Amino acid sequence: MTLLLLILLVIGMVIGYRRGVILQSLHLIGTISAIIIAAMNYEKLASRFDMVMPYPSTAETLTNPLLPEVDNAELAFYRMVAFFMIFVVAKIVIQLIVSAFDYLQQINAFGTAGDVLGTILGVIEMIYILVVLLMMAAVIPLDGVQTMMENSGLAQFLMENTFIISDKFIEWLQTES
1 MTLLLLILLV IGMVIGYRRG VILQSLHLIG TISAIIIAAM NYEKLASRFD
51 MVMPYPSTAE TLTNPLLPEV DNAELAFYRM VAFFMIFVVA KIVIQLIVSA
101 FDYLQQINAF GTAGDVLGTI LGVIEMIYIL VVLLMMAAVI PLDGVQTMME
151 NSGLAQFLME NTFIISDKFI EWLQTES
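Numbered as in the numbering used here, the sequence shown ends at 177 without a single skipped number.
FYI, nobody ran anything at the bench for these hints, they're computed from the structure. Heads up, some of the hints might be wrong.
Said to hold, decoys possible - Distance condition first, Cα-Cα at most 30 Å in a straight line; then the derived BS3-like pairs of lysine-lysine: (1) K44 x K168; (2) K44 x K91; (3) K91 x K168.
To be verified - Quick list of the computed label-pair ranges, beta carbon to beta carbon: (4) Q95 x L6: 20 to 26 Å; (5) L133 x M40: 29 to 35 Å; (6) L9 x R48: 17 to 23 Å; (7) K44 x N151: 34 to 40 Å; (8) V145 x Q174: 18 to 24 Å; (9) I92 x F163: 20 to 26 Å; (10) V88 x T147: 24 to 30 Å; (11) P54 x L9: 31 to 37 Å; (12) L96 x R18: 16 to 22 Å; (13) A109 x I7: 28 to 34 Å.
It should be emphasised that the depicted structure is a prediction, and the values quoted were computed from it without experimental measurement. We put the beta carbon where it would ideally sit given N, CA and C, even for glycine.
Please model the complete structure; the sequences and the hints are all you need to start from.
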């Protein structure tokens, strides 16, 4: 799991470098916007999931070792699925809009500094996307997934220490609204 995360972070670096600082800034703003859109709307969708989607667990206890702060693992699962679905749709729509600005990739306004900043922004965008994916995986009550994530120090570090979003996810997954 750690190796996969490192590979994805390197891919984020390369993508950021190739896009440059201007285009990568738009993509990062798009990713943050998709997170905000999902955060504003996930509860409405999650409240309908328990009727149509079964919770994939036979466990009698509904606790999650990766997210001990979360009281109700079943509710957290429905909320995260709703968040993830809205995030993916919003990200796709925003990507389509931002792709209209792909010509900005040709503009090398800041030279080497722009390439370095694009690389940094690419890594930041990839970290935020990975946190969304890791949180989604963390609420899936399957032993294999849970074990893989428990054994990955990088996955746990990203889930616990990503600027602003780590604490917000825990808050969003809590029982109280």
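Going through the hints against the structure:
1. K44 x K168: holds (18 Å)
2. K44 x K91: Holds, at roughly 19 Å.
3. K91 x K168: holds (19 Å)
4. Q95 x L6: 20 to 26 Å: holds (24 Å)
5. L133 x M40: 29 to 35 Å: The hinted range 29 to 35 Å is violated for L133 and M40, with Cβ atoms some 20 Å apart.
6. L9 x R48: 17 to 23 Å: violated (35 Å)
7. K44 x N151: 34 to 40 Å: Since K44 and N151 have Cβ atoms about 35 Å apart, the given range 34 to 40 Å holds.
8. V145 x Q174: 18 to 24 Å: holds (21 Å)
9. I92 x F163: 20 to 26 Å: Taking Cβ atoms as reference, I92 and F163 lie about 24 Å apart, which means the hint holds.
10. V88 x T147: 24 to 30 Å: For V88 and T147 the Cβ distance comes to about 26 Å; the hint holds.
11. P54 x L9: 31 to 37 Å: holds (34 Å)
12. L96 x R18: 16 to 22 Å: 19 Å Cβ-Cβ, so the 16 to 22 Å window holds.
13. A109 x I7: 28 to 34 Å: holds (30 Å)
In this structure, the hints that do not hold are numbers 5 and 6, in rising order.
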